[in-house]
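In order, the protein sequences belong to chains R and Y.
Be aware that the first sequence starts at 17, since it is given in our numbering, and climbs by one per residue.
Be aware that the second sequence starts at 17, since it is given in our numbering, and climbs by one per residue.
For the record, the hints were derived by calculation from the structure and aren't laboratory data.
There's no promise every hint is true.
Since the list gives no way to pick one copy over another, a pair counts as held whenever it fits inside one copy or between any two copies.
Dumping the calculated SDA-like pairs for lysine to any residue here, alpha-carbon to alpha-carbon at most 20 Å [said to hold, decoys possible]:
no.	residue 1	residue 2
1	K338	A378
2	K515	I551
3	K493	I527
4	K338	F161
5	K338	I576
6	K274	E485
7	K234	A587
8	K591	P482
9	K241	F584
10	K443	P293
11	K338	S521
12	K216	L392
13	K47	F152
14	K515	N158
2 protein chains.
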Amino acid sequence: MTVLNQDAVNKATLRKTRQCLQKTCTVETLKKRIPIIDWLPKYKTEYFIQDVIAGITVALTAIPQGIAYAVIAGLPPEYGLYASLTAGLVYVFFGSCHNVTVGPTAIVATMTGKYVADYSADFAVLTAFLSGIFIFVMGILNLGFLVEFISMPVISGFTTAAALQIAASQLKAYFGLNGTSGSYFLESIQNFVTHINSAKLWEAVLSSATVIMLVLLKKMGHGCKRTDGFVKQMRWFLSLSRNAIVVIIGMIIAYILKVTLHTEPVLLIGDIGSGLPKFGVPPFSTVVGNQTYNFREMVEVLGVQSAVIPVIAILETIAIAKAFAVGGRIDATQEMIAVGLCNIFGSFGQSMPITGSFTRTALNHVSGVKTPAGGLTNVLILFVALTSLTSAFYYIPKASLAGLIITAMFFMIDYEMFGRLWRNGMKDFVLMLVTMLISLFVGLEYGIIAGIVLEALSLLYYVARPSLEVNRMQYEKGDVMVLTLCENMSYCAAEHLRKKIMDTSAISNNIPIIIDGTSLRRVDYTVTYNLMSIIKDLDETHHILLMNFSVELKKLCLNIDLGLESKFVYAASPKELTEALPKEV
Amino acid sequence: MTVLNQDAVNKATLRKTRQCLQKTCTVETLKKRIPIIDWLPKYKTEYFIQDVIAGITVALTAIPQGIAYAVIAGLPPEYGLYASLTAGLVYVFFGSCHNVTVGPTAIVATMTGKYVADYSADFAVLTAFLSGIFIFVMGILNLGFLVEFISMPVISGFTTAAALQIAASQLKAYFGLNGTSGSYFLESIQNFVTHINSAKLWEAVLSSATVIMLVLLKKMGHGCKRTDGFVKQMRWFLSLSRNAIVVIIGMIIAYILKVTLHTEPVLLIGDIGSGLPKFGVPPFSTVVGNQTYNFREMVEVLGVQSAVIPVIAILETIAIAKAFAVGGRIDATQEMIAVGLCNIFGSFGQSMPITGSFTRTALNHVSGVKTPAGGLTNVLILFVALTSLTSAFYYIPKASLAGLIITAMFFMIDYEMFGRLWRNGMKDFVLMLVTMLISLFVGLEYGIIAGIVLEALSLLYYVARPSLEVNRMQYEKGDVMVLTLCENMSYCAAEHLRKKIMDTSAISNNIPIIIDGTSLRRVDYTVTYNLMSIIKDLDETHHILLMNFSVELKKLCLNIDLGLESKFVYAASPKELTEALPKEV
Chain R
17 MTVLNQDAVN KATLRKTRQC LQKTCTVETL KKRIPIIDWL PKYKTEYFIQ
67 DVIAGITVAL TAIPQGIAYA VIAGLPPEYG LYASLTAGLV YVFFGSCHNV
117 TVGPTAIVAT MTGKYVADYS ADFAVLTAFL SGIFIFVMGI LNLGFLVEFI
167 SMPVISGFTT AAALQIAASQ LKAYFGLNGT SGSYFLESIQ NFVTHINSAK
217 LWEAVLSSAT VIMLVLLKKM GHGCKRTDGF VKQMRWFLSL SRNAIVVIIG
267 MIIAYILKVT LHTEPVLLIG DIGSGLPKFG VPPFSTVVGN QTYNFREMVE
317 VLGVQSAVIP VIAILETIAI AKAFAVGGRI DATQEMIAVG LCNIFGSFGQ
367 SMPITGSFTR TALNHVSGVK TPAGGLTNVL ILFVALTSLT SAFYYIPKAS
417 LAGLIITAMF FMIDYEMFGR LWRNGMKDFV LMLVTMLISL FVGLEYGIIA
467 GIVLEALSLL YYVARPSLEV NRMQYEKGDV MVLTLCENMS YCAAEHLRKK
517 IMDTSAISNN IPIIIDGTSL RRVDYTVTYN LMSIIKDLDE THHILLMNFS
567 VELKKLCLNI DLGLESKFVY AASPKELTEA LPKEV
Chain Y
17 MTVLNQDAVN KATLRKTRQC LQKTCTVETL KKRIPIIDWL PKYKTEYFIQ
67 DVIAGITVAL TAIPQGIAYA VIAGLPPEYG LYASLTAGLV YVFFGSCHNV
117 TVGPTAIVAT MTGKYVADYS ADFAVLTAFL SGIFIFVMGI LNLGFLVEFI
167 SMPVISGFTT AAALQIAASQ LKAYFGLNGT SGSYFLESIQ NFVTHINSAK
217 LWEAVLSSAT VIMLVLLKKM GHGCKRTDGF VKQMRWFLSL SRNAIVVIIG
267 MIIAYILKVT LHTEPVLLIG DIGSGLPKFG VPPFSTVVGN QTYNFREMVE
317 VLGVQSAVIP VIAILETIAI AKAFAVGGRI DATQEMIAVG LCNIFGSFGQ
367 SMPITGSFTR TALNHVSGVK TPAGGLTNVL ILFVALTSLT SAFYYIPKAS
417 LAGLIITAMF FMIDYEMFGR LWRNGMKDFV LMLVTMLISL FVGLEYGIIA
467 GIVLEALSLL YYVARPSLEV NRMQYEKGDV MVLTLCENMS YCAAEHLRKK
517 IMDTSAISNN IPIIIDGTSL RRVDYTVTYN LMSIIKDLDE THHILLMNFS
567 VELKKLCLNI DLGLESKFVY AASPKELTEA LPKEV
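Work the whole structure out from these sequences, hints included.
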């Protein structure tokens, strides 16, 4: 009998495996995993113009942002363009969400920046490679659900801290101060305070003008759409291109001053490495100063961040895809596979770690992109920029970029959420605050880890203290104490349940106790055992009944103690039971 | 207004603090924290004889067990007696549970053994001191509830592994093998296999005879009570004293052989350090071989175990107190304070870590102990043993102790539970198995940590996937889709809820959707926000209503989006709502 059963189980397993393999190798799966196979044959000519317009708009932001984020990471400016180039191309093939745009982002750049400052650019490229592997494997293993354990208060605390830290690191460039920009919030603030006397007027004027222009241009676009009349359409386009506009204006001013007056009143980005990135194997060993680092030593240097960066990257991508996918329906697995591959391939082309970019995705969306082909235009413009425009980029003032970054950070903070969290009960607000403070003052990676762990622990605490209601019911046929188990019970609630039953029995004055398990759907061994043993203990002195335990739960209970079958009763309400109960025990 | 409120809050806080302080300094609290103040004045002369009888019975087991557990820990035998001496005395003053007996236990001894084998006895004493501090602080901070996160399957897997490991470590002494006894299960088994040829006949005969005698003596006591007639009373007493009896018989045989035939056919315990332990400050620095260890280095050597041993100690004490306290009502805080102080004071008298002992507590209970004064008799007998009997202990055969320990371990395993766990669903069984295997093959401390973490993660997974029921209800007035939220929702379930609502809307064919929140009691910001944003997204295409959300939950939801107030409806059943609903949207 057992052998036969085992045989049947084996056969079923074989069949399942075969079905699973068949399912993995269909055209459908191929289309799902390499989406370009799906959308390219269906491509229509009318999509072309829309994709091109969207691509141009995105590129006008991708170039200044890419340079700015390379600056945040402490990398040479061209790295920011490299990062959008290869990754953008790979996403065209593997991306499942047509408006998502990948590239360097502020948070990931600032987390990478620490290694670049302390070691070298090679560490940023290796981080991209390792993050890619991590994200790809998480995607293959379908582990995207893990990011569900990062709640909105934790995300909010983390992004606020990141925004503040990034903004603080730009204070040096904003005012043209001496000293370092710092990889930590406190470092940057300290540098600002100690070097405030070295502030330069023209830097401050240019960066403040950049901020004001950006805010005005953003406002100018309000209520305008791509499909409006010419004036509104122009306003819409200027508003969307505001990042490029302020940088170009800064460049032109710097160029004119240089050519006409032969002076450089503000600091410029300077020479940008021209041409395409060097393609080759990512740096699995490197030399910093006099010291050679092999692969193992490089990974040791990266430490805990090498796991946090990919998680942040997954989080950003999935959040963005969800926000812009039609009806919020996304294939998280495919998004992770795509972003993983973008990082892996990117690292072969000197890319820093990349992920989905909120700003550029939103731009892509409002520009009316139709297919991932829009990304191709973006990549082509980046290609032109890298090969022909780097000499023009020489004139980008650092203060313009600082103004650009600080404005972006100002808009990244979700101010409304603070109020809502405050009103929604202290727990979520405190969680946000703790995550933010640890992120700011200890480190971004520690902040988010602390937030996740604290919230999981507080969740476990709630689970360990499920609602149990005790009521004394007065009926004509006699009183009963009713202990209602309102929620599922887990092992960590076993002791709580035990105490509650003991307390109820202590105040029951010998009237019958009914334990109402109508809402119970799941209990584990520990709870069942505890429940049965306490009922057995109290059986001699109290009259206890277990009401409306489902057949399955009853079976579990009787597995522990077969002598208590008579305790299980079924009724629409405790009142019904009083009819059959003795008045006193 | 706000200032006034703040003032009121401050006053309330002050009042609370004062009340709290007053509460802390009453005679009641003193009685609770130093229970001897409570029970000693009420002591009656008729308690005396019962306490003395119980004390003698417990001592007859405490002495052979103490020596055996010192042997398990690799310590000189007298350390096992030292451990029961000071700790026993301290428990008389601070213990809240009159039948709990503290002293060395098998599991804690085997966990301590590793340090003794690799370093020296000083590490065992320092472990006692640190564990004491840890337990005491946990008690003061009321953190006893943390042990509720160790479920029965995990405890079962852990104790089974400990029992197997301890039994395996005794195989060497059982058969008189060469080699080492090993601090790990595999080491012990390997030693057994490689040295099986060196087994000695007389050792094996004596240890097997010990096991058989113990089992027979245990059976002899079945159904006999202290209050029975003389014959049954004698059977009862012999059965309870079986540990002492088998050791004494072994001693007598060894003594006779030595005196008459001048041979030692079996290995003996040998010289036992006579007299009381040296009282003094615990070893905060020590010398092992040529190396001096300072306090920090010693703590580094102890590592993760120095946190696991006290947790195990707390677990054993609370579990035992619960099992033997009247009606299971215990003061876990006081028990932790007491066991903490026992370890701290004990470490000033060369004690290894101690905790509540299940065997001896059960013995104490069935011997009819009335007050913690019973422990005093036990301590006096240990005192006599240490000062006068150590020369007799010379003749204790190691094989007798091995038989004693292996028998105790055989009875420590809860065989019934395996079957019950198996029948209760695979999850609990697998958890037990994983805990057991990691405990056996990696280390006891890693096993229990892995068990706790795995179970907490699986619990979080369940919490992230709460039951959501989707039903299509057909009423005369029109059909509705009802999505019932059966359980509380936490942030990690937000995505699950979102998907479920999306799926429901996809299959709803434009009939109204009712989200039934009757059972909801608690949601957090993440869930609320997700729910509100999806309802807003679907508002244009679907008719969605939120039924029976409590006033509080509704307030939280409207905090996020005030425009959705009309979505909240209240009704006894979805049917009522259909009356007012449009047929199609």
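These are the hints, each one checked on the structure:
1. K338 with A378: within (12 Å within a copy, 60 Å between copies)
2. K515 with I551: within (12 Å within a copy, 41 Å between copies)
3. K493 with I527: Within one copy only: 12 Å inside a chain, 46 Å across chains, cut-off 20 Å.
4. K338 with F161: Only inside one copy: K338 and F161 sit 13 Å apart there, 40 Å across copies, limit 20 Å.
5. K338 with I576: Cα proximity of K338 and I576: across copies only (19 Å, versus 47 Å in one copy).
6. K274 with E485: Neither: 79 Å inside a copy, 70 Å across copies.
7. K234 with A587: neither (65 Å within a copy, 47 Å between copies)
8. K591 with P482: neither (25 Å within a copy, 30 Å between copies)
9. K241 with F584: neither (67 Å within a copy, 34 Å between copies)
10. K443 with P293: Cα proximity of K443 and P293: none, with 48 Å in one copy and 52 Å across.
11. K338 with S521: between (51 Å within a copy, 17 Å between copies)
12. K216 with L392: Intra 41 Å, inter 82 Å, cutoff 20 Å: neither.
13. K47 with F152: within (18 Å within a copy, 62 Å between copies)
14. K515 with N158: Close across copies (16 Å), not inside one copy (41 Å); limit 20 Å.
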